[in-house]
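Okay, here's what each chain looks like letter by letter:
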Amino acid sequence: DAGITQSPRHKVTETGTPVTLRCHQTENHRYMYWYRQDPGHGLRLIHYSYGVKDTDKGEVSDGYSVSRSKTEDFLLTLESATSSQTSVYFCAISERDRGEQYFGPGTRLTVT
Amino acid sequence: SQQGEEDPQALSIQEGENATMNCSYKTSINNLQWYRQNSGRGLVHLILIRSNEREKHSGRLRVTLDTSKKSSSLLITASRAADTASYFCATDDGSGGFKTIFGAGTRLFVKA
Numbered sequence: 001d002a003g004i005t006q007s008p009r010h011k012v013t014e015t016g017t018p019v020t021l022r023c024h025q026t027e028n029h030r031y032m033y034w035y036r037q038d039p040g041h042g043l044r045l046i047h048y049s050y051g052v053k054d055t056d057k058g059e060v061s062d063g064y065s066v067s068r069s070k071t072e073d074f075l076l077t078l079e080s081a082t083s084s085q086t087s088v089y090f091c092a093i094s095e096r097d098r099g100e101q102y103f104g105p106g107t108r109l110t111v112t
Numbered sequence: 001s002q003q004g005e006e007d008p009q010a011l012s013i014q015e016g017e018n019a020t021m022n023c024s025y026k027t028s029i030n031n032l033q034w035y036r037q038n039s040g041r042g043l044v045h046l047i048l049i050r051s052n053e054r055e056k057h058s059g060r061l062r063v064t065l066d067t068s069k070k071s072s073s074l075l076i077t078a079s080r081a082a083d084t085a086s087y088f089c090a091t092d093d094g095s096g097g098f099k100t101i102f103g104a105g106t107r108l109f110v111k112a
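Chains as they are written, first to last, in the numbering used here: chain G, 1 to 112; chain F, 1 to 112.
So that you can see chain G by itself, here it is in the shape it has in the complex (with noise of 0.2 Å):
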């Protein structure tokens, strides 16, 4: 998957509580994203980086938070996690602005 990770790959968590979901990549590329994908919505971008510390929110942005110390780490937070946070989430990287992109495994998120 084109040098790039996504963990965990699956968690289970409650209501209420805080979730970090972590993609790193090996490709030194300067754009990154986090989608979520749900039944019926194809995938909806997150939030985005265009380079360290450089973040921007995306179409469902609300409750989630990212961060990007590092060109290879992109971190995906959820502050507060509710039911309607279950989802299967998607990093991406991409070398170039709109460019082609490459995504992780995914890691599926269940919250009770």
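One or more hints might be untrue.
Cross-link-like lysine-lysine pairs, in silico, DSS-like; alpha carbons within 27 Å at most [to be verified]: (1) 99(F) x 53(G); (2) 26(F) x 70(F); (3) 70(G) x 11(G); (4) 57(G) x 99(F); (5) 26(F) x 69(F); (6) 57(G) x 26(F); (7) 70(F) x 56(F); (8) 70(G) x 99(F); (9) 70(F) x 57(G); (10) 26(F) x 99(F); (11) 11(G) x 57(G); (12) 69(F) x 99(F).
Quick caveat, the hints were computed from the structure, so don't treat them as lab data. Given the structure is predicted, the values throughout are model-derived calculations rather than measurements.
Since chain G is already given, all that's left is putting chain F on it; use the hints.
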């Protein structure tokens, strides 16, 4: 609302037949991309077509883009059972930023 919308939502064909999927979008774009997703996996980039291109080929894939109609089609020729997957179109959101917006996808089932 989604920038890209695929049609049909689901498609079932026999091995050896051609499969055509369509994508419509709402705003001006810089490029349009097609991705494939096998069940339980991350998305895989298939092809990128720029707004000044009308047709592009890659192996058994043929993509067309009609910017006047704001639509694209993906043709898979001589389909194989291994082509069974979901196919997504993706575009930039027309704002000049870094976001890529995905449609909800077409589920293709190729019967052996």
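Results for each hint:
1. 99(F) x 53(G): holds (17 Å)
2. 26(F) x 70(F): holds (7 Å)
3. 70(G) x 11(G): OK: residue 70(G) and residue 11(G) at ~24 Å, within 27 Å.
4. 57(G) x 99(F): Holds - the C-alpha atoms of residue 99(F) and residue 57(G) are around 9 Å apart, at most 27 Å.
5. 26(F) x 69(F): holds (10 Å)
6. 57(G) x 26(F): It holds: about 21 Å lies between the C-alpha atoms, which stays within 27 Å.
7. 70(F) x 56(F): holds (16 Å)
8. 70(G) x 99(F): holds (21 Å)
9. 70(F) x 57(G): Given pair residue 70(F), residue 57(G) holds - Cα atoms ~26 Å apart, limit 27 Å.
10. 26(F) x 99(F): Holds, at about 15 Å.
11. 11(G) x 57(G): Since the Cα atoms of residue 11(G) and residue 57(G) sit roughly 24 Å apart, the hinted pair holds (cutoff 27 Å).
12. 69(F) x 99(F): holds (22 Å)
The structure is consistent with each of the numbered hints, conforming to all of them.
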